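**Q** Chains as they are written, first to last, in our numbering: chain A, 566 to 822; chain B, 566 to 822; chain C, 566 to 822.
Hint data in this document are derived by calculation from the structure and do not stem from the laboratory.
A few of these clues could be false.
Stated by the list, open to error - Derived Cβ-Cβ restraints for the label pairs, each shown as a range:
1) C:Gly-808 to A:Arg-802: 33 to 39 Å
2) B:Gly-638 to A:His-768: 46 to 52 Å
3) C:Gly-652 to A:Met-566: 43 to 49 Å
4) A:Gln-673 to C:Met-566: 22 to 28 Å
5) A:Gly-706 to B:Glu-684: 34 to 40 Å
Computed from a predicted model, the values in this text were never measured in an experiment.
Where a beta carbon is used, it is the ideal one built from N, C-alpha and C, also for glycine.
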Amino acid sequence: MSAAVVLVTDYGVDDAYAAALIGAIWRVDPSLRCVAGTHGVPLGDLLAGAYSVKSVGRAFAPGTVICAVVDPGVGTQRGAIAIDAGGVFCVAPDNGLVAYLWNEAPAQSRRCVTVDVPEHASPTFHGRDVFAPVAARLAAGARLEECGAPTAQPVTLDAAFAVVEPGGVAGRVIAVDHFGNAITSVRDVDLDGRRVVAASWEHGCVQEVARTYAEIGTGLAAVLGSAGHVEVAADGRPAASLGGPRRGQVVRVEVEG
Amino acid sequence: MSAAVVLVTDYGVDDAYAAALIGAIWRVDPSLRCVAGTHGVPLGDLLAGAYSVKSVGRAFAPGTVICAVVDPGVGTQRGAIAIDAGGVFCVAPDNGLVAYLWNEAPAQSRRCVTVDVPEHASPTFHGRDVFAPVAARLAAGARLEECGAPTAQPVTLDAAFAVVEPGGVAGRVIAVDHFGNAITSVRDVDLDGRRVVAASWEHGCVQEVARTYAEIGTGLAAVLGSAGHVEVAADGRPAASLGGPRRGQVVRVEVEG
Amino acid sequence: MSAAVVLVTDYGVDDAYAAALIGAIWRVDPSLRCVAGTHGVPLGDLLAGAYSVKSVGRAFAPGTVICAVVDPGVGTQRGAIAIDAGGVFCVAPDNGLVAYLWNEAPAQSRRCVTVDVPEHASPTFHGRDVFAPVAARLAAGARLEECGAPTAQPVTLDAAFAVVEPGGVAGRVIAVDHFGNAITSVRDVDLDGRRVVAASWEHGCVQEVARTYAEIGTGLAAVLGSAGHVEVAADGRPAASLGGPRRGQVVRVEVEG
């Protein structure tokens, strides 16, 4: 069974752009499995994109190649990279989109190469002409080193990473999901095994910490979500409708003891 | 050719949740074909979800496995099931989501087992950790009995079923589709071969019955839709924009003679 | 590796209609690769649909079969066709949906047949019962002539084609994409190698012509998009938010010398 390519973009699904990535992949190798990670990253939103890339990276087996394109700088001098993050590969613009995926892979099992932009590439569609073909080559069995020159590490994204402080962790809302859960940059790795006891943001806070959405009741609660990030959630409606924090807002998570 | 797994959820397509189901399926067997039935079931809407599950069940060949997750009670004590409904399989929370699929399969060719929730399952993401892996095992050839203990039948959903009355059938709008057609719970099986002659709801009625949308003209008409449910439809615009019934509203369908 | 079927419809993704096409295709041949070109064509919009069909046709390798269903006349007397457009196939209602794909294929390598509607076809769902099965047969290796009787050419769509005038080309906005770019009917083939220098529409014009979105700056610019159509675009927001032309509006593109 050949490897899978999983697409993460801000292209939406109402145009043929996402399909064009699959067309480009199948021109390299029509036997490759292609699937949408999501095409619903908010336009140009690198934080939400990095969260989606990481979520996909956790969901799929080693050997999977993520083709990630949230690329406000398409056609400019920003670089292009391919990485191996502990066995999951990702091809993307070098703008921070792989920040979590890279950060959470063991240091000894991650590698990064820079990818060249072919002369024939459309200046407005590197997804099709740069990232998808490289993703396809990797999925078809090419080694990372065949795809570009080694480089130390990808561009990072400072805003993606929470800051551990005395008694808590300070982060921000990096994504709001379809259920209206406000997903923060505070991760299980930041908590370091300590239990969450509360979360606060400008004009709001929660002292309830829930294990499931259904047990939240009528208010808000902090939940450790399925991808390992602290969320502020309500049951059956958007957290924001009950005063929860909004995209970009700073959230401080308090931990026990 | 291995079996296909078709996903029906209320996850939307803007997050990586739907993809995580595919990741979990491919961890069991990467050769399985995976496709979205729809991820656009309205949040937590079991009636609309049951209609989508049934529509998918009709569309795909026997042997197909539906992984259905509309699961407001995720992580609580609600059960989990896998069913064989006349050759089409479905893995789902035991909350009524399979009501139509089960109801419309011949009694002698349907079976139900309860599925255990593994200890390691994320309390907020049984789709990934419970339903998808079982769907994958079934699609990969496991027998239903290997997936859980036999039980008599799934939880049903009373609101999904119309009531046959003298001269007509009383149901409700269970879904409004992308074209704005108001799909009711009144099914071909409820009509029992009798011709629809009218439909009425609070503050509205139609006496026109159309075979195609294009022949409706400028008003509303009743149409027997492609999945066997009576719809109230307009041509080229939402039925609601002409006073048609809304989601949840009671509709009485009059039949001939 | 068997051929791929790419779906282009106005079905949206919130119902099971799009999946029903795949179900119908896999009933013919479960080994066929199926993928969404897009299901987000605006309801009944043949111009935008023709643009999506053409975009998909460019993106996928020869041998690919497009199943295109934007079909306001479903169930009426409008015809059904299958075409070979330079090696890419398309099955569609004969309503102009293949206008660009047909027009841009070399005359000597295009063929058209009319497809019969089976008696059992649901009058409201020819996508499932007419177009998808024929697309599957073609992808599975049937010759075009086995799918219907030869006919001279498909119905065209006059509004899809720009008019070359002295010093410029007059077209209209046929689609607005997810990024808010206003895509016009003025194509690279209409420009005939001449450079774009400006574009104008009622109450607006641009004199800037950009190679990438990022270099546009704070205003609007004309861009030759990745599918070969002139767009009016802004950087990071919808062109319409800066006074750009709207869907359907006439746009005149000025060319050099």
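**Q** Please go over all the hints and tell whether each is borne out by the structure.
**A** Do the hints match the structure? See the list:
With their beta carbons about 37 Å apart, Gly-808 of chain C and Arg-802 of chain A fall inside the hinted range of 33 to 39 Å. Evaluation of the 46 to 52 Å hint for Gly-638 of chain B and His-768 of chain A yields a failure: the beta carbon distance comes to about 31 Å. Checked against the hint of 43 to 49 Å, the pair Gly-652 of chain C and Met-566 of chain A fails, with Cβ atoms roughly 29 Å apart. Distance hint check for Gln-673 of chain A and Met-566 of chain C: the Cβ-Cβ separation is about 37 Å, which falls outside the suggested range of 22 to 28 Å.
Between Gly-706 of chain A and Glu-684 of chain B the CB atoms are about 37 Å apart, so this pair conforms to the stated range of 34 to 40 Å.
Checked against the numbered hints listed earlier, the structure breaks hints 2, 3, 4; every other hint is satisfied.
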